[in-house]
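Novice: Spelled out, the chains give:
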Amino acid sequence: MSLFLIVALPFLGALLPGLMNSAGRQACAGVTFMVTLTALIGLLTNLPTVLAGDLITAQFNWIPLLGLNVTLMLDGLGFFFACLILGIGLLIITYARFYLAREDNMGEFFTYLLLFQGAMVGIVLSDNILLLLVFWELTSLSSFLLIGYWKHLPEGRQGARMALAVTGMGGLAMIAGMLILGQIVGSYDLSVILENRALIQASPLYVPALLLILLGCFTKSAQFPFHFWLPHAMAAPTPVSAYLHSATMVKAGIFLMARMWPVLSGTPEWFVIVTGAGLITMVLGAVIALFKHDLKALLAFSTVSHLGLITMLLGTGTAFGAMAAVFHILNHATFKAALFMSAGIIDHETHTRDIRRLGGLRHLMPVTFGIASLAALSMAGIPLLNGFLSKEMMLEEAYHTTLWGMPYLVPALATVGALFSAGYSFRLIGHVFLGPKRDDYPAAPHDPGAGLWLPPALLVVLVVIIGVAPFLAEPFVKLVTASVLGTAADVPHAHFKIWHGLTPALYMSIIAVAGGLTLLAVFKPSLRFWDLLPRPEAKRIFDAVINASVALSRQIIHRLHDGAFSRYAAIMAVTVMAVGYHAWVTGTVGPATRAPQPANPVQIAGWLMLVTATLGLVFLHRNRLLSLILIGIVGLVVSVSFVFFSAPDLAMTQLTVEVVTIILLLLALNFLPNRTPIESSVLRRTRDGAIAAAGGIATMAMSYHYLLRDSIAPSISEFHLANAYQGGGGKNVVNVILVDFRGFDTYGEIIVLGIAALLIFALTETLLAGPVRARLLNRKPDQPRAGIMHPMMMVVLTRVIMPVVLMVGFYVFWRGHNEPGGGFIAGLIVSIAVVMQYMASGFSWTAARISYPYHGVIGTGVLIAGLTGVGSWLFDKPFLTSDFTYVRIPPFEKFELATAALFDLGVFFAVVGAVMLSLESFSRLARRAHVPDADHPMDIDPSRDDTTPKAEL
Amino acid sequence: MELLVASAIGILTSAGLYLVLRLRTFPVIMGVSLLTYAVNIFLFASGRLTVGAPPILSNAANYTDPLPQALVLTAIVISFGMTAVIVMISLGAYLGGDDDHIDDLAATPEADPNTDLNTEGTQ
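Chains as they are written, first to last, in the numbering used here: chain F, 1 to 953; chain D, 1 to 123.
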């Protein structure tokens with residue numbers, strides 16, 4: 001099966017459990033099982049090629065410019081991990097089906113599980129390190145969901161958050177490390193990176209890259225000092241713990257260290273950091289585990305310890321160490337998953353995981369006893385079980401390793417780790433299953449159904465088989481080791497045997513087991529001693545760090561982001577000016593190349609109008625109606641100046657937009673207070689005035705300098721002028737640019753306009769659905785109403801003029817390609833025609849006569865424009881390629897037909913719809929607020945006579 | 001003529017900035033509109049000022065720069081949409097909270113004798 005499919009299957013399959021949720025738990029688990037099984041079978045179809053030692057790759061380019069491609073690779077190591085992930089996944093799915101309670105949402109659980117599974121498979125099959133990082137982050141996210149699956153438990157939520165914080169932080173560090181690595185090699189492909197050992201290790205950036213990548217690996221694999229998140233993640237349902245913390249998530253860091261082993265290992269830095277961290281983790285985890293009373297906590301710390309063991313082996317940098325690591329990954333995955341599941345069974349049956357409340361379970365739960373004991377003995381390193389073999393290899397490797405010039409340090413610590421490991425394994429058996437039967441269990445324990453014990457039993461079978469006949473596993477482990485080593489070293493010749501003779505490792509092993517038994521014997525006094533020792537509480541430290549950083553950011557944010565919009569505006573204005581000033585001071589300005597053009601009195605008069613209106617607006621802005629009139633004047637002058645400066649299209653657009661904007665603001669002003677009160681102090685107004693004046697002077701100076709100089713580089717405008725007619729078939733270059741050259745821009749813009757209108761509509765709906773509705777209904781108008789709601793003159797005039805305006809709109813639209821006009825302007829003109837009807841004849845009258853909702857009009861417009869663009873695909877042209885032709889229908893002159901006109905039609909509809917939807921939304925508010933206007937126009941409101949003083953009539 | 005346009009841009013910017021720094025929504029909207037004018041004219045002026053040479057192809061010898069015009073045309077229409085949205089938001093805030101202050105300061109004392117929230121009968 002294609003590698004793409006193997007990686008994609010879990011992700012695609014993640015959709016199914018949710019869909020099957022209502023079909024029952026059996027179906028839900030079944031479909032998840034089938035998805036995983038299919039992926040596993042697909043993986044196994046590639047087994048012959050992997051066994052032959054060939055590399056299977058699959059690739060398609062995703063973002064080649066960034067070096068980010070979907071490149072997958074399957075070698076021995078990837079195959080091994082993918083097998084573990086999918087194989088143990090199958091057992092976990094079966095187990096979870098029977099473990100989860102009826103009130104747990106199974107679809108949700110299996111969706112998360114499959115997402116996680118897909119991300120893990122992605123990590124181990126990625127050939128591109130950027131892709132690997134994507135999957136890496138996905139595992140952090142999906143494991144967050146899994147750990148926090150029991151959302152009602154605060155420990156679950158906190159544990160999930162802690163895991164996400166720690167592994168996410170490590171993930172960020174790793175992104176940086178991987179990017180550095182990619183920079184050194186010049187490629188983000190693992191296959192290329194793995195061949196450049198010398199280049200990478202010689203680079204001055206090797207140490208930073210190594211540190212950052214190891215930070216990612218150590219956080220993920222819970223190595224000291226980041227080990228603390230793993231025990232807290234035990235708040236997850238047991239299937240999650242068994243899956244994440246035996247075979248998958250925590251092994252991801254190990255996997256990456258193994259993957260990077262050929263290029264990163266072998267240096268003193270690697271040796272000291274990795275072996276050191278591994279040793280500390282191994283011993284520390286084992287010691288803590290011994291004294292944990294929670295069954296899952298004990299297993300969690302033992303996982304931490306065993307991960308430390310594997311890390312230490314990888315750190316030694318020898319081929320034998322790497323082989324021992326690979327072997328132990330396999331063995332640990334089998335016995336630890338079995339143990340986690342057994343712990344889950346005990347919890348399920350006795351309703352407690354506290355070892356102090358358990359004991360004597362061997363009579364009550366014989367099957368579980370058998371499974372758990374075999375797995376625990378394997379963990380302790382008892383011969384004929386697989387844990388013994390890899391532990392023996394570890395001790396052998398430790399015996400030959402010298403750290404910090406002390407030949408006894410590593411062997412001694414390794415023995416201590418193994419001793420405590422044996423100790424907690426024995427304690428698990430002794431304190432849970434052995435001893436007298438008790439009569440105070442929280443529930444009556446008995447063996448569960450086969451669904452729960454069969455998955456761990458299968459694993460234990462594996463534990464025994466490998467333990468008894470290690471030569472069965474040998475070829476496979478060596479194959480995996482070969483792909484770990486790459487070209488850096490040869491696979492060691494050592495054979496997997498139970499009996500190696502009287503080697504130092506055997507003596508160390510004997511010491512460990514004997515010591516473990518002794519520890520169990522003296523457990524009570526040593527526990528008392530342990531309880532006396534001061535121990536740092538990781539969670540409290542973590543919470544303190546989190547709280548401190550939250551407090552710090554809150555202080556910074558609250559100071560900068562205090563809700564005062566005027567403050568942000570002022571800061572932004574001043575910053576922009578400061579940056580501009582810096583550019584002005586440090587840059588150079590060339591001499592003026594254009595002569596100033598003389599101004600005539602008309603222009604000066606227009607300027608005076610603009611200045612007067614603007615200054616008036618500033619000084620009279622407290623009278624809001626007056627300021628509307630003044631801004632109208634500004635808009636008019638701007639429109640006229642567009643005409644003057646050879647921009648007829650702009651002038652028409654500005655003028656029509658001005659009309660609808662003023663209508664809109666009037667509608668809004670209907671509800672807002674009429675006056676703006678004086679609130680700010682004189683000092684503040686002076687300060688604002690100074691900022692404003694500085695900003696004005698800056699823009700003026702910049703514009704003036706700009707206007708008197710030609711551009712340094714030739715403008716692309718010449719192209720548009722030269723090609724508008726030949727290429728676009730239009731003489732109005734502005735319109736051709738809009739609908740043809742930059743049609744894609746315009747397409748985006750009409751969509752934005754449509755979204756803005758829909759936003760306004762949605763806001764209106766929300767307002768009218770909430771308490772504002774009642775307020776509006778009870779609101780008394782703050783001004784006396786006009787006596788005649790719909791003046792007859794206006795009604796008649798607007799209705800008569802309507803066809804004329806529509807005709808003008810049509811004309812402006814049609815001539816747009818060659819003369820000033822086009823879809824935007826025509827759309828605005830037609831909107832004004834409709835708005836006039838609303839104003840004159842009333843909302844109800846007009847609304848009753850509009851057959852199409854304005855949303856539909858917007859949609860039609862966007863659709864027409866989009867389909868016009870898509871149409872060019874039919875002719876194998878890129879999106880929005882235009883074409884035109886000239887036709888002649890006999891009574892008329894020859895005229896042009898262009899696909900651009902169709903696009904412009906889309907623009908037209910979108911503009912009409914957007915403008916009308918906005919204005920209609922505003923007037924709906926108004927309609928709600930006042931006396932509902934009658935359906936027939938030209939009515940008189942008699943109530944006015946009662947309320948208004950006679951003087952005003 | 002260049003000076004007139006440049007100073008017009010400056011004055012519009014200045015007035016716009018001052019109004020944007022006010023404390024109520026309506027003047028801020030006015031200020032944003034003025035800034036829109038200023039920005040549009042500035043963008044338009046980046047094609048330099050040409051009198052009597054519209055970019056409508058004919059037999060004329062030279063045309064003004066059409067590109068800034070096309071950009072400004074859509075900017076004008078979009079600015080309408082933007083204005084409409086912020087007006088709607090401020091209106092919603094006022095109707096919902098009976099307050100048209102632009103600053104959302106929890107610490108600021110809200111009670112202000114000058115507010116004209118209940119404007120019935122001010123005429």
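Hints may contain errors.
[As the list claims (entries may be wrong)] To give an idea of the chain F side of the interface with chain D (calculated C-beta under 7 Å), a few residues:
{"id": "1", "residue": "Ser2"}
{"id": "2", "residue": "Ala570"}
{"id": "3", "residue": "Val657"}
{"id": "4", "residue": "Leu666"}
{"id": "5", "residue": "Asn670"}
{"id": "6", "residue": "Leu759"}
{"id": "7", "residue": "Ala762"}
{"id": "8", "residue": "Ser918"}
[What the hints assert, rightly or not] According to the in silico footprint, chain F covers these stretches of chain D (three or more CB under 8 Å from chain F):
{"id": "9", "stretch": "44-55"}
{"id": "10", "stretch": "58-68"}
{"id": "11", "stretch": "93-101"}
Hints are computed from structural coordinates only; laboratory data are not their basis.
A virtual CB, placed ideally from N, CA and C, is assigned to each residue, including glycine.
Novice: What are the numbers of the hints the structure violates, in ascending order?
Specialist: Of the numbered hints given earlier, those the structure breaks are 1, 4, 5, 7, listed in rising order.
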